[in-house]
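Chemist: Use these hints to put chain B onto chain A, whose structure you have.
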Amino acid sequence: MAGKTLYDKLWESHVVREESDGTCLLYIDRHLMHEVTSPQAFEGLRLAGRKAWRKQSIVANPDHNTPTDHWDQGIKDPISRLQVETLDANIKDFGALVYFPFKHANQGIIHVIGPENGTTLPGMTVVCGDSHTSTHGAFGALAQGIGTSEVEHVLATQTLVAKRSRRMLVTVEGRLAAGVTAKDVALAIIGKIGTAGGTGHAIEFGGSAIRALSMEGRMTLCNMAIEAGARAGLVAPDEKTFEYLEDKQFAPKGDQWDRAVAYWKTLQSDADAMFDAMVELDASMIEPQVTWGTSPEQVLPVGGRVPNPANEADAQRRVGIERALQYMGLAADTPIGEIRVDKVFIGSCTNSRIEDLRAAATIAKGRKKAASVKQVLIVPGSGQVKRQAEAEGLDKVFVEAGFEWREPGCSMCLAMNADRLAPGERCASTSNRNFEGRQGAGGRTHLVSPEMAAAAAIAGHFVDIRKPF
Amino acid sequence: MKAFTQLTGLVCPLDRANVDTDAIIPKQFLKSIKRSGFGPYLFDEWRYSDVGEPGMDCTHRPVRADFVLNQPRYQGAQVLLARDNFGCGSSREHAPWAIEDYGFCVVIAPSFADIFFGNCYKNGVLPIVLPAATVDKLFKECADTEGYQLEVDLKKQTATTPSGESFAFDITPHRKHCLLNGLDEIALTLQHADEIKDFEAKHEAAQPWLFA
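Chains as they are written, first to last, in the numbering used here: chain A, 5 to 473; chain B, 8 to 219.
Worth flagging that the hints you see were computed from the coordinates, not collected in a lab. It is possible that some hints are incorrect.
[To be verified] Here are the simulated lysine-lysine pairs, DSSO-like style, with alpha carbons at most 27 Å apart:
(1) 59/A x 209/B
(2) 107/A x 204/B
(3) 167/A x 163/B
Remember, it's a predicted structure, so these values are computed and weren't measured experimentally.
Chain B extracted, bound-state conformation:
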């Protein structure tokens, strides 16, 4: 997995609550058997005015000029600023794949849906939960300041605004360790293979019908 340590990146504000993973990456793109190439279709229905199909060359598709991702000032953004319950709905990991492939490394919101939140960590994308009032403030500052950037430091667990105001965020030690080092979680778990085997043997003795 790709590691994440520190980033200073342009912020793109997506000002709507309950953004679901169907909106992040519509179903027709889920037919792919690959993990990459979803970035051009991120937020496809909001971003383009035609109906997207897998494999489409997006460089000449008609765009919805008012959608934030299409606005010149947010080109090259690496931090997505969002509202409550971001990533709700389907468990599709294609959503963080699309976000990562587009170039976002950080998503900030007052709350995330559980499955999406976990999926981000597996792909080197850092989801940051900040209080609603803080997120509100970031939306305002971002709207007021062209080229608004945030400095995100995972080691220090802070997001810092251009004026130097710093916000602390939580992350579990396990997730932080994996993300900072870009660890292969499967390899990490397999270090405990003997414990898994011991558990499995006891579990089978207690509930043999599970192993029939």
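Next comes chain A alone, as it looks inside the complex:
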């Protein structure tokens, strides 16, 4: 019999019962929550007179609606404020292991605070009413985004009704060149397999280039698994994982730690495990990536040119390219390096961790943003990230470069708060989605790494950070 994949091991260790058609009740260890996708779930519980099955599984905080400046003035938008206050009230009524209300010193993006306080651990099942829950797969946890009805189901039963996914292995072997990051790896993979390439699959990322990534890099990569269509991304836990977790507040301690690590070391795909799909990339061939269109799969190396629809044989794809170029206000064959940006956003659950900010600061140090760039927002992923960055003086580097140093939150990744693009504005963004209107109605998004975003802020247009600019 063939060995088991990491995904299978995680799945099988959480099956409470299985129906004859393969539908399972899957036990959920960690339930992350934010204010946008939870109010209707709590309301459903109330209406049915139900309680939370295990409130100690809940880690929550508001992040989508919270402003990133003038915290002393509170949340100005009354609808946003009500949603945040509703989360406060729901957690008060139903309970939680961890809750950081708006303005708490540790508040931040839920996918940043889970790992940094040790509430995300290898071997767990993790859910959140948020598609970027895939982030937590970086720890070897089976983590997936769910809808609000499922949030209610997990609250009430501690289980998820689900069927096993197919397994995909994406292997990246070799060394990444200087200036090429986990974000570029993620975008290169999506460029190769497409935004539906991972649909129906859980993707395990392996190979020497993945093992060489830091935990922050692995989180960036798994975060983007959903942009390849995969509900879950996974990296097998290793010494880096254990080192990251040791001494985190909610990580096991003493004997428990030793026992946990011994178990976590078994969380690897067996050498003879079978995958339903395999994809391979050569790390040395991956260049800094820039999206040019309105889907993350519409991506090119920085040295490339915007595609010409006339060269596309498939009619539906041609129409897709034409539509994307029109929305993006780009002419066919434009060199990526000639695309000028109006705004830059460095943040989001993809790229707002300390390593991301250090990388951006390295580029910004001693330089100034281009006069043509209207605004550069640096939005740390959490209060902890913000304090760490300030302790290292990164905030000063950014401010001296003419960037704005903000309070933590989701910010202009999806523009639910006041941080957004105006119609027609073009943005270099470290976030995860370049969909039409994502960063503000009519806004134009180019997805890049933190280094590439910082360089675009300085130069006023995209530049190849592997070369002097």
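Modeler: Just chain B now, kept in the frame of chain A:
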């Protein structure tokens, strides 16, 4: 949950691939703490030429006349015909809420994004996967025939065209049972509460750190 059994409904074709949930219902409408009232804002940026805000009365907003939902021949449509990877992106269940609230009961596409696909079932919306060539044929027939309707029968798992051509579709027995009967899935799961408790006890014994 609302049950779904059978429907004969007008088809509205949305001819673009990779329609994401940000397009289905833009972020500003996600500030609502309710489950209803999203229908008027379905596909808001494609449907209206101004920028929509929550609570806006949509009856007097300037519309984009060329968008399918605004075309007179598709008014009252209950079946949305779509292309590959429909519902990709954000997990927001507001997307099927908006689709259902607008009046669609069925979405047909060659493929769906996983989270959206699952969310539909929880809201009495039936997502049907048909082969790309079949979907293509339906797009053509729909364009050629004003008032084009499909008969969708969940018990028989078929979608039938006006000419009587019938296409079979798959659905898991569990989902079919829940949808046909409009079952409360939580109540269904809680029938197994003892099994969940037994599992939990064993799980805690094996990995106590998960319960600290």
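Chemist: All hints, please: hold or fail.
Modeler: Hint-by-hint comparison with the structure:
Among the hinted pairs, residue 59/A with residue 209/B is consistent with the structure: their alpha-carbon atoms are about 19 Å apart, no more than 27 Å. Proposed proximity of residue 107/A and residue 204/B is contradicted: the alpha carbons are some 37 Å apart, above 27 Å. Taking the CA atoms of residue 167/A and residue 163/B, the gap is about 23 Å. The hint holds against a cut of 27 Å.
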